[in-house]
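Undergrad: Read top to bottom, the protein sequences are chains A and B. Per this note's numbering, the first sequence runs over residues 1 to 111. Per this note's numbering, the second sequence runs over residues 1001 to 1114.
Keep in mind that the hints are not guaranteed to be accurate.
Lysine to aspartate or glutamate pairs mimicking EDC-like chemistry, simulated, CA-CA at most 20 Å apart [what the hints assert, rightly or not]:
| id | chain 1 | residue 1 | chain 2 | residue 2 |
| --- | --- | --- | --- | --- |
| 1 | A | K15 | A | E97 |
| 2 | A | K71 | A | E26 |
| 3 | A | K68 | B | E1107 |
| 4 | A | K57 | B | E1102 |
| 5 | A | K98 | B | D1056 |
| 6 | A | K71 | B | D1056 |
| 7 | A | K42 | B | D1056 |
| 8 | A | K68 | A | D84 |
| 9 | A | K71 | B | D1038 |
| 10 | A | K98 | B | E1102 |
| 11 | A | K42 | B | E1107 |
| 12 | A | K98 | B | E1030 |
| 13 | B | K1009 | B | D1073 |
| 14 | A | K71 | A | D31 |
| 15 | B | K1009 | B | E1059 |
The set of hints was computed from the structure by calculation and includes no laboratory data.
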Amino acid sequence: QQQVKQSPQSLIVQKGGISIINCAYENTAFDYFPWYQQFPGKGPALLIAIRPDVSEKKEGRFTISFNKSAKQFSLHIMDSQPGDSATYFCAASRTSEKLVFGQGTRLTINP
Amino acid sequence: NAGVTQTPKFQVLKTGQSMTLQCAQDMNHEYMSWYRQDPGMGLRLIHYSVGAGITDQGEVPNGYNVSRSTTEDFPLRLLSAAPSQTSVYFCASKRGGAYVGELFFGEGSRLTVL
């Protein structure tokens, strides 16, 4: 049973465009929603995170939008650059101990 | 500052062999965990530990064993390797207690079971 469902599985965006990755969760007790970025041959690294008490969080070109009623959250990458090409994972947790990840999205930014 | 260090980076095993993946962190983190990454499956939690002497199961614990004798080290043991355990394994750590925040990952150990 996948507690966090992520889409799309892969995404190709032109340089300067907007990349959008979506996640949906089932457990309404989740209270922490991070996004991780992974480059080939490396471990994932925290990109940005949000709590359910806010609907949006922005850090530079990266924005998380959160819809509590729909149990969905998304990552928007504005002005996408070739260096943003990576695999992105959404995740969720309801305690400090277990982080559940989505399936991952391979993002390719064409120059 | 080394962060989370995993060894070996690559390993090939035959079915039925046993081995240990090593993980060490130098950030004095109480919480440590092991994930496996498979295409289309994301990262799935195998085992985790909230401190020395304390371990618990994650989503996919079968076939794996862990122990936590020190704060720094959290080895993952494969008791009798199976082809289904072919995967990339990641160790991760973070501050403990009620902290809900950044997990720091190692660079991974790629395991192939023939």
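Undergrad: If a hint holds in the structure, say so; if it doesn't, say that too.
TA: Consistency of the hints with the structure:
Between A/K15 and A/E97 the CA atoms are separated by roughly 38 Å; this puts the pair beyond 20 Å, and the hint is violated. Using a Cα cut-off of 20 Å, the hinted pair A/K71 and A/E26 holds, with the two alpha carbons roughly 7 Å apart. Restraint check for A/K68 and B/E1107: not satisfied, since their Cα atoms lie roughly 33 Å apart, outside the 20 Å limit. This hinted pair checks out: A/K57 and B/E1102 have alpha carbons roughly 16 Å apart, not beyond 20 Å.
For a cut-off of 20 Å, the pair hint linking A/K98 to B/D1056 stands: about 10 Å separates their Cα positions. A C-alpha spacing of about 28 Å is found between A/K71 and B/D1056, which places the hinted pair above 20 Å, so the restraint is violated. Proximity of A/K42 to B/D1056 is assessed by CA-CA distance (about 26 Å); at most 20 Å being required, the pair is judged violated. For the hint linking A/K68 to A/D84, the alpha-carbon distance of about 27 Å lies beyond 20 Å, and the restraint is violated.
For the hint pairing A/K71 with B/D1038, the CA-to-CA distance comes to about 25 Å; that exceeds 20 Å, so the pair is violated. The straight-line distance between the Cα atoms of A/K98 and B/E1102 is roughly 12 Å, inside the 20 Å bound, and the hint therefore holds. Proximity of A/K42 to B/E1107 is assessed by CA-CA distance (about 5 Å); at most 20 Å being required, the pair is judged to hold. Restraint check for A/K98 and B/E1030: the C-alpha separation of about 14 Å stays at or below 20 Å, so the hint holds.
Restraint check for B/K1009 and B/D1073: satisfied, since their Cα atoms lie roughly 16 Å apart, inside the 20 Å limit. In summary, the hint linking A/K71 to A/D31 is supported, as the alpha carbons are separated by about 11 Å, within the 20 Å threshold. Restraint check: the Cα-Cα separation between B/K1009 and B/E1059 comes to about 23 Å, which exceeds 20 Å; the hinted pair is violated.
The structure shown violates the earlier hints numbered 1, 3, 6, 7, 8, 9 and 15.
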